[in-house]
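Listed below, chain by chain, are the residues.
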Amino acid sequence: MQSSAFMSRKEIIGFVILAALIFVIFPAVLDNFRLNLFGKYLTYAFVAVGLALCWGAGGILSLGQGVFFGLGGYCMAMFLKLEASTPENTAIQSTPGIPDFMDWNQLTELPWWWEPFYSLPIALIAVVAVPVMFAFIIGVAMFTRRVGGVYFAIITQAFAAIMTILIIGQQGYTGGVNGITDLRTLLGWDIRTDEAKTVLYFVNGVLLFAVLLVAQYVRKSKLGRLLIAMRDQEDRVRFSGYNVANFKIFIFCLGAAFAGIGGAMFTLQVGFMSPTLVGIVPSIEMVIFCAVGGRLSILGAVYGALLVNWAKTSLSESFPELWLLGLGGLFIAVVMVFPNGLAGVWSEKIEPRLLEIMGKKKSVAPAPDGAPAE
Amino acid sequence: MDERFILKVEDLTVSFDGFKAVDHLSFYVEPNECRVIIGPNGAGKTTVLDLICGRTKATEGSVVFKGKELLAMREDQIVHAGVGRKFQTPSVYEDLTVFENLELSYPKGHGVFGALAFKRDETVRARIKEIAQTIFLDGQLDEKAAFLSHGQKQWLEIGMLLIQDPELLMLDEPVAGMSVAERKKIAELLNRIIQDRSVIVIEHDMGFVADIATRVTVLHQGKTLSEGTMDRVQNDPKVVEVYLGH
Amino acid sequence: MFADYSMSELGAIFAMQGFAGLILFSVFVLMALGLAIIFGQMGVINMAHGEFMILGAYVTYLTSNLFGDYMPALFGTYFFVAMFLAFLASGALGLFVEWALIRHLYKRPLDTLLATWGLSLILQQIYRSVFGAREVGVTIPDWMMGSLPLTDLIEVPINGIFVMVLAVSISIAVYVMMFRSTWGKQVRAINQNRVMAGAVGINTEWTDRLTFGIGCGVAGVAGSAFTMIGSTGPTAGQLYIVDTFLVVVFGGAGSLLGTIASAFSISQAQSIMEFFLSGSMAKVLTLLVVVGILMIRPQGLFSLKLRK
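Protein chains in written order, with the UniProt record's numbering: chain A, 1 to 374; chain B, 1 to 246; chain C, 1 to 308.
Everything labelled a hint here was simulated from the structure, so no lab data went into it.
These numbers were taken from a predicted model, which means no experiment stands behind them.
Do not rely on the hints blindly, as some may be mistaken.
Unchecked claim - Stretch-level coverage of chain A by chain B, calculated; a stretch enters the list once three of its residues show a Cβ under 8 Å from a Cβ in chain B:
1. 79 to 91
2. 215 to 226
What the hints assert, rightly or not - Straight-line distance between alpha carbons at most 20 Å, and here's what the computed DMTMM-like set of lysine to aspartate or glutamate pairs gives:
3. B:Lys144 - A:Glu317
4. A:Lys220 - B:Asp121
5. B:Lys57 - A:Asp232
6. B:Lys108 - A:Glu234
7. A:Lys220 - A:Asp232
8. C:Lys107 - A:Asp182
9. A:Lys10 - B:Asp142
Cβ atoms here follow ideal geometry from the backbone N, Cα and C, with glycine treated the same way.
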């Protein structure tokens, strides 16, 4: 009883199955192009895992996660762009040595805030630090003023809108609507080759598991239980002596950090970063990845991201008009028909069946350990 | 003078768009006292508790607890100063087990990183067991709070306060919706825990009030109508007129 | 930057800019009114609000074609018929959506938000399939063309004035409905105490549905009015939704006057800044200021301090 173990047996099995899928089955079954595509889907899983903590456990629905995904991705892209913009490569520009889009926009000098991104360590730190800093500012402003629920959702959505307008409007500094493109090498290592893409896929998988383990630790800690408590009875938590705002800020920042890492891996694997990944529409789509997986479930979030994106790619290849209808229907279905997502379907429908079948052999049914469905 | 009272409420006023729910209210609570606040609906009883524990911000006045001005503090700081509060409708965490409910109220690991590093050691388990026995829920530690009866949820919330070990305990209608037997049990429990702390209780049930009260404050339209022992208050003609009379 | 202009030119620029702000204000008011009813009174987030407006715009487009083809003599008046039809079409869709979707989600506001977003995607795709991906414009009746010269330098377009007049009249109509009609009284009663309202015999279920329907109908009228100053595309509604929500939240949900005041301040701020800065920066700054103020005063500009 009262097991506060890091993972229950069921959860260990869940992690192992996912690891097998990502590290063994996908690379074995998929060709290079598809594997890279799945790597891209998995970068969204970073965001979805963060949302499972913020929204599923904590009840904080952010419609601006694309901002953090984008910030992480842009930090990575800035480094890669600077590396690609050597004076030799850009000799035909009127100002060689600066990124091409700056030259097209009549900039003659690198803006000062681009300078630090010549350094890989700084860029890597920024991938996490910049989104976290933004999340911290927003979080402090909103949560200490007790803005929550739909107001928080709308305001974060406004941030997504602001960010997109800003990036598109300031094209001399950001690459505008096209984003930062034509990224080539990472410390001299060409990231566009098939081989590099496979390596990056595995790096991405390892990072995703690191993030999942952190999320699992948070969920199983007292902080995880506090999040659920705050979602249901915020006042009671406050009058048990907790500063509720600090916990919300923490979890919002953690979600932003996850999203930032996902964004950076997106840039590395796909080779560009643009405002189409930052705005209102991608941000709310990231919520659906989490919802399809089953809001509370961090493993579900990964499956949700994979499944929805896979469906998107296959449907919009063959029936582009169907995709929007399907996605719209998905939003409605996930709210009306299966609010616990895939994880709910699994633990309510499939698992009892499995146990029944297995129970006949083993005769002793494993006791339910009361842990939320995985 | 200062040493005599654990809580000093002076000139406490709050107005909501001109309506004064609490109007220049003053009262003093001694250590180990059980003060019961009674009064008709809308007299401002719950608002007084809300003001003391920081849920509502006062318009003017002061609330001093053990020499500290509470009105300038945040809710969680007030809790750490030693004030515990039970709400009128039982508010427990329905999605968590009884054990987890009590654990979250255990006074340790209240910061973000404290909560991340919090370990369920033997001291914690022992203390939770002890409290669970006190509130008659030791058999249901693994049950989700959602499955408890209304009375059991009331008990659980009281247990969550006890585990905090506050010096001042504020209870808003603790026996509402409880059976006669349960009321007796709560009265016994209160009389036991009063020994080493002060309690403020809001209650309508006069029998229950007589069982527990050291002193009674009668509120009417945000002001003190009468104050003193149960006997004195019950025989105060003003009180009879506005409250006990009907 | 002012050195190139003479005093009178400068005055004219400000007047025109102010007028542009007034048109933007009317647009905001029209968009926000329906939302103020639905979000302010029912607490329901309808992310498909923009698509309800677009439905009104498409209905107007169809009506204009119909009049153009079959009743050219009456063409000057088609707009009023269109506006009425837009109200009916969007309102009817609203009633249906409330019945099918919203009523199951009153206790889950965040889920309502996601479900109505899904609805907006579906509506967008339907518009695209039916009307094509390209934007469509209506033929504006002759009497609405051209502009009124106020002075030598200042000219105001008639369709702009028309939209402003519409915004004012619809605001008054909504005000009368909210504060003078039985329905309005019932809506406000439900907003304050649903159980009690039910207990005194208000049919809360039907009132909710009607409220949602009327809110959507007003959105349809707004969409109809938009055709007078711009063209309509399947995704046009999505562009407005954030602005509209900010207007309503900034004004203080539940306060009609607050919504109008907030629409006024946001639109004026934006159009004045647009003169000094690029359009995108003006927009960014306006949004940032609004969000900043909302952080200081989350309950919005006009709302009462209430006992919990």
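Given pair status - A:Glu317, B:Lys144, alpha carbons within 20 Å: 47 Å, violated
Taken at face value, is the distance from the CA of A:Asp232 to the CA of A:Lys220 at most 20 Å? Within the cut-off at roughly 18 Å; holds.
Going straight from one Cα to the other, do B:Lys108 and A:Glu234 come out at no more than 20 Å? Within the cut-off at roughly 18 Å; holds.
Hint consistency between B:Lys57 and A:Asp232 [alpha-carbon to alpha-carbon, up to 20 Å]: 23 Å, violated
Does B:Asp121 lie within 20 Å of A:Lys220 when you go C-alpha to C-alpha? Measuring from Cα to Cα gives roughly 15 Å; hence the hint holds.
Outcome, coverage hint (the region 79 to 91 of chain A, chain B; C-beta under 8 Å; three residues): Coverage by chain B is violated here, the residue count being 0 at a Cβ distance below 8 Å.
Hint check: C:Lys107 vs A:Asp182, CA-CA at most 20 Å. Holds or violated? Roughly 48 Å between the alpha carbons, so the hint for C:Lys107 and A:Asp182 is violated.
Do three or more residues of the region 215 to 226 of chain A come closer than 8 Å to chain B, measuring C-beta to C-beta? Holds, because 7 residues of the region 215 to 226 of chain A bring their Cβ atoms closer than 8 Å to Cβ atoms of chain B.
Mind checking the alpha carbons of A:Lys10 and B:Asp142 for me, to see if they're no more than 20 Å apart? 19 Å, holds
In terms of the numbered hints stated before, the structure departs from hints 1, 3, 5 and 8, listed from lowest to highest.
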